[in-house]
Amino acid sequence: MLTIERIIHDAIVEHARRDHPDEACGVVAGAIGSDRPTRHVAMLNAAMSPTFYEFDSGDLLRLYREMDDRDEEPVVIYHSHTATEAYPSRTDVNLAGEPGAHYVLVSTRDGAHESGPVDFRSYRIVDGEVTEEEVRVVERYDDAAPEQRENA
Amino acid sequence: MAIEVRIPTILRTYTDGERAVESSGTSIAELVETLESAHAGLKERLLDDGAVRRFVNIYVNDEDIRFTGGLDTALSDGDTVVILPAVAGGA
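Here the protein sequences come in this chain order: A and B. All residue numbers for the first sequence refer to the numbering used here, where the first residue is 27 and numbers rise by one. All residue numbers for the second sequence refer to the numbering used here, where the first residue is 33 and numbers rise by one.
Quick caveat, the hints were computed from the structure, so don't treat them as lab data. Be a bit skeptical, because a hint or two may be false.
Calculated pairs, SDA-like style, for lysine to any residue (alpha carbon to alpha carbon, straight line, at most 20 Å) [what the hints assert, rightly or not]:
(1) Lys-75/B - Glu-54/B
(2) Lys-75/B - Asn-120/A
(3) Lys-75/B - Gly-102/B
(4) Lys-75/B - Glu-36/B
(5) Lys-75/B - Asp-153/A
(6) Lys-75/B - Phe-87/B
(7) Lys-75/B - Ile-97/B
(8) Lys-75/B - Asp-96/B
(9) Lys-75/B - Leu-121/A
Start from the sequences, fold in the hints, and give me the full structure.
So this is what it looks like as structure tokens:
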């Protein structure tokens, strides 16, 4: 299961809306071993494409160095699909290089750029195997109980 | 000719979990061969048909080797090599 704070969840959705029809991408870093995504880093899609995303190689190096310095790892790696469902494509699966990460897929195909709905789903991708997992959005990580209200 | 090589999580199965290994070589091509002799299987994950894989990034002292001569990029004692899988995908 992915547990994520609403403010970070909403920032990812907002990023996907903003970059539609191109794919948006980024990570949420967190302390190593914590499984808690705390620092949202929106990345530039160097491919600037509606069907492909790739972090710029220089940005990628800086990102990993920064995470190393802070004892962080990429807890969430996200990108948007702008014309298809929020499910990992064959390319996504083949290129998934972080077996410990939650791969979040956001779909903006239903007019999300014009305030339509955004589909937000999370997966584990390990050795070519995709496993969908529950997403729990909480107001704050300190809260023990899951937040039930929508748009509270 | 000591070169520090930073290994990404997904390739640490080849280095007994080590995040960094010491290796040697006067170029990236040589380094890959040295790495392969100590960590069999690594070369296949880095190269395809004698070239660096499209979705593997290799940096020497923070420079992407795509811009410094690829496999021919020269190495000197004390250089740091970082290997990172691309973060990429598509619909």
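Here's how the hints hold up against the structure:
1. Lys-75/B - Glu-54/B: Distance ~16 Å between Lys-75/B and Glu-54/B Cα, so the pair holds.
2. Lys-75/B - Asn-120/A: Between Lys-75/B and Asn-120/A the Cα gap is close to 18 Å, so the pair holds against 20 Å.
3. Lys-75/B - Gly-102/B: The given pair, whose Cα atoms are some 15 Å apart, holds under the 20 Å limit.
4. Lys-75/B - Glu-36/B: holds (17 Å)
5. Lys-75/B - Asp-153/A: Distance ~18 Å between Lys-75/B and Asp-153/A Cα, so the pair holds.
6. Lys-75/B - Phe-87/B: holds (14 Å)
7. Lys-75/B - Ile-97/B: Measuring from Cα to Cα gives roughly 16 Å; hence the hint holds.
8. Lys-75/B - Asp-96/B: holds (18 Å)
9. Lys-75/B - Leu-121/A: holds (17 Å)
Hint violations for this structure: none, all hints satisfied.
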